[in-house]
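Q: So you can see what is in the structure, the chains are spelled out below.
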Amino acid sequence: MVSGTFVEAPPLALAGEAGVRPASRETGRSRARRLAPPYLYLLPAVVLLVVWTYQPLAQTFVLSLHSWNLVPSTPMEPVGLANYEQLLSTPELGRSVWRTVVVILGMLPFTVLIPVAVALLTRRVRGRAQGVYRALVFAPMLVAPVAGAAVWQWLLDPSAGAVNRILGTDVNWLNTTGTAQLAIIVITGWHVAGFAVLVVTAGLAGINPDYAAAAKVDGASRGQVTRWVTLPLLSPTLAFLVLMTVLLSAQWTFPLIDTLTQGGPVGSTTNLYYLLWEYGFRSHDAGLAAAAGVLFFAGFIVVAAVLTRLAERLSHHDD
Amino acid sequence: MTLVSRIQLRGLTRRFGAVTAVDDVWLDIADGEFLVLLGPSGCGKSTLLRMIAGLLPPTEGTLHLGDTDITHQPPQRRDLAMVFQSYALYPHLSVARNIGFPLRARKLPRAQIRAKVAAVAETLDLTALLDRKPRELSGGQRQRVALGRALVRDPGAFLMDEPLSNLDAKLRAGTRAEIAELHRRLGATMVYVTHDQVEAMTMATRIALLDQGRLEQLGTPAEVYDRPASVFAATFLGSPAMNVLDATVLTVDGTLSARAEDIDLPLGIDATMPDRPVRLGVRPEHLTIAPPGEPGIRAVVTGVENLGSEEVAQCRSGTARVAVRGTRPLGVRTGEALTLTARPEHLHLFDVGSGRRLTWQPGAVPAAV
Ligand SMILES: Nc1ncnc2c1ncn2[C@@H]1O[C@H](COP(=O)(O)OP(=O)(O)OP(=O)(O)O)[C@@H](O)[C@H]1O
Ligand SMILES: [Mg+2]
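So the sequence lines, in the order shown, correspond to chains V and S. Residue numbers for the first sequence follow my numbering, so the first one is 1 and each next one is one higher. Residue numbers for the second sequence follow my numbering, so the first one is 1 and each next one is one higher.
Keep in mind the hints are simulated off the structure, nothing from the lab. Ideal Cβ positions, reconstructed from N, Cα and C, are used throughout, including at glycine. Among the hints, a few may not be true.
[Unchecked claim] Partial selection, computed: residues in chain V whose CB lies under 10 Å from chain S:
#1 Ile114
#2 Tyr211
#3 Ala213
#4 Ala214
#5 Lys216
#6 Val217
#7 Asp218
#8 Gln224
#9 Thr226
#10 Val229
#11 Phe254
#12 Asp258
[What the hints assert, rightly or not] Estimated spans, in silico, between C-beta atoms of each pair:
#13 V:Leu248 / S:Arg185: 56 to 64 Å
#14 V:Arg126 / S:Asp67: 30 to 38 Å
#15 V:Arg313 / S:Thr68: 24 to 32 Å
#16 S:Thr123 / V:Thr5: 30 to 38 Å
#17 V:Pro209 / S:Gln73: 17 to 25 Å
Working from the sequences, and respecting the hints, build out all of it.
A: Encoded structure:
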């Protein structure tokens, strides 16, 4: 009789199969060469940012602690926080903040509501008509604000303007405290609405059409599809537009205010940016303007942070 | 309410510019049927399904549900449920809200929606996932949610566009069985798109085989497999595909046989007819290795593939390739010369020009040669 026994199959010799484990030591030089490329690619952008954004920012901060009349031959006088104290004690600041809020609220229909409605309604435009339509919508954005302002000034003329004639009114739009702000908002809105429509259209194009198709098969009416599927999926785009509006509205109005109302009548169109500009380049008080700039910068950082946080909470990663 | 969910496609055609994606398709889908739309990629399956769902208007033809013409009805009013190839789960809604969506659109009371969603989630084993968002789910879980969204509403018919294509082999087998079981339990009409022949063979009550937008064959899985209507149908189903060889039907000693330089297979028909070139089809599993000297297909083995339980011998006969499939081991080696035979009932003949199946009709006078 032959005796024997069962032998268990040995476990796979992985190391043997895969060869020798690679040495993990690496010289400092080769490590640097491996890690450097991403930073090198970033370098040009970082340099531009530093030269054109961060350096002026730092200079502004320094300037805000000095008194200076913008004349190169007069020396800058350090005054500590005096500029800030002066700024915070003037009632103009509070009023201009409130006017800025009004401008932002007044701009939202032009940057969000109207563009969403237009983009949704014209989604089915195709082919050559689509190009023409987009060009039409976008055209005001290409008109230089100052040129646009000149035309609007003419349209809003109290005696011969087309606006009064069409509305059958005789309002002196740009020289009445109530209507000047409204005119500025509407004209700025006319300028930027086309751009916002394009942004919304791009956002809509980025939504997989299967979602709307699924909702239709699921029995949702057209309105329900828009409310329950399209708009929620568009919310990142909408959040972006709101953010742009809040941060940039006052800036967009600047050329129009400067051409049409110069902040008047009675300061009724003087918002933050115009106030800042007046301090710096009308009153030649560079320190005060810089202090205002620093304050606005800080304020907008807070607003932007809150809005970005909100936008992130809203957005759904569509995958 | 009686469910009248018989779906009729009458000459449905859809063109995209110069491309005819669906070409004059006539189909009568009975109530409770599990119809599988099968065909290679780009043959128009999704286009056909989207037309049935109402997401794409047909260029020509009409569509009927029960007795009503629904060609111009919007998808909302068709009462069909669809599972998309991409699942199309609403990314901003939780699993529960995804499944409940069709009920919400129908304005059912909230409590009722919650109860129905819970019941569906229970059957699909999704209860633990109800609060998750689609992006937090695996492919198989998403597939079940998509299925749940269709099942929650008891529709006239289910349309499914390759719902299993994103799943791994094991999950696919499991879900395949689940869907088939679901169909048995609900008795609902299903139109199911796939390019996977295993899915088609195992689940379908009937298969509609499409090629370049045209309906190539319609029949039960057994009919389509056993009596393919054309060379396309013959080679589309089966793995490896059916062998198709050029041959000529000759009358020898009062019986017909298919001949070519390396082929000599009796067709088992005692009759005479003029010689006729044909395409001869025989499935790999119907070929057997015959003793040398017997009539059959002379071939040389070029390789042997191991499928686990079976083996496939890839052979060359003249310039044609022939595959033989059988229980492992087949007992052949690369380079070996073989004679392969098949029973007459396993031989398929196709026309050389049209590729359509040829059937024997005794007594018919052949048309002028
Ligand atoms: N919107 C469209 N515009 C132009 N051509 C299209 C469009 N949709 C489909 N086609 C064409 O119609 C044909 C059929 O497409 P379809 O999506 O129905 O194929 P399919 O059978 O579902 O393929 P797959 O198995 O790859 O999903 C293809 O040739 C495709 O290129
Ligand atoms: Mg498809």
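Q: Next, verify each hint and record whether it holds.
A: Hint check results:
The closest approach between the C-beta of Ile114 of chain V and any C-beta of chain S is roughly 24 Å, which is over the 10 Å cut-off, so the hint fails. At its closest, the beta carbon of Tyr211 of chain V sits 6 Å from a beta carbon of chain S; the interface hint therefore holds under the 10 Å criterion. With its C-beta approaching chain S no nearer than about 5 Å, Ala213 of chain V sits inside the 10 Å limit, and its interface hint holds. Restraint check, Ala214 of chain V versus chain S: the minimum CB separation of about 4 Å is within 10 Å; hint holds.
Of the supplied interface hints, the one on Lys216 of chain V holds, with its beta-carbon coming within about 4 Å of a beta-carbon of chain S, less than 10 Å. Taking 10 Å as the C-beta contact cut-off toward chain S, the hint placing Val217 of chain V at the interface holds, the least distance being around 5 Å. A distance limit of 10 Å between C-beta atoms decides the matter here; for Asp218 of chain V the minimum to chain S is near 4 Å, and the interface restraint holds. Annotation: Gln224 of chain V was flagged as interfacial toward chain S, and the flag holds, the nearest CB pair being 6 Å apart, inside 10 Å.
For Thr226 of chain V, the suggested interface contact is broken, since its CB lies about 13 Å from the closest CB of chain S, more than 10 Å. Here the hint on Val229 of chain V is kept, as its CB sits about 6 Å from the closest CB of chain S, short of 10 Å. Checking Phe254 of chain V against chain S by beta carbon gives a least distance of about 37 Å; that is not within 10 Å, so the hint is violated. This hint is violated: Asp258 of chain V has a C-beta 43 Å from the nearest C-beta of chain S, more than the 10 Å allowed.
Between Leu248 of chain V and Arg185 of chain S the Cβ separation comes to about 59 Å, which falls inside the hinted range of 56 to 64 Å. Arg126 of chain V and Asp67 of chain S have their C-beta atoms about 36 Å apart, which keeps the hinted 30 to 38 Å range intact. A beta carbon spacing of about 46 Å between Arg313 of chain V and Thr68 of chain S contradicts the range 24 to 32 Å that was offered as a hint. With their beta carbons about 52 Å apart, Thr123 of chain S and Thr5 of chain V fall outside the hinted range of 30 to 38 Å.
Between Pro209 of chain V and Gln73 of chain S the CB atoms are about 20 Å apart, so this pair conforms to the stated range of 17 to 25 Å.
The structure fails to meet hints 1, 9, 11, 12, 15, 16 from the earlier list, while all remaining hints are met.
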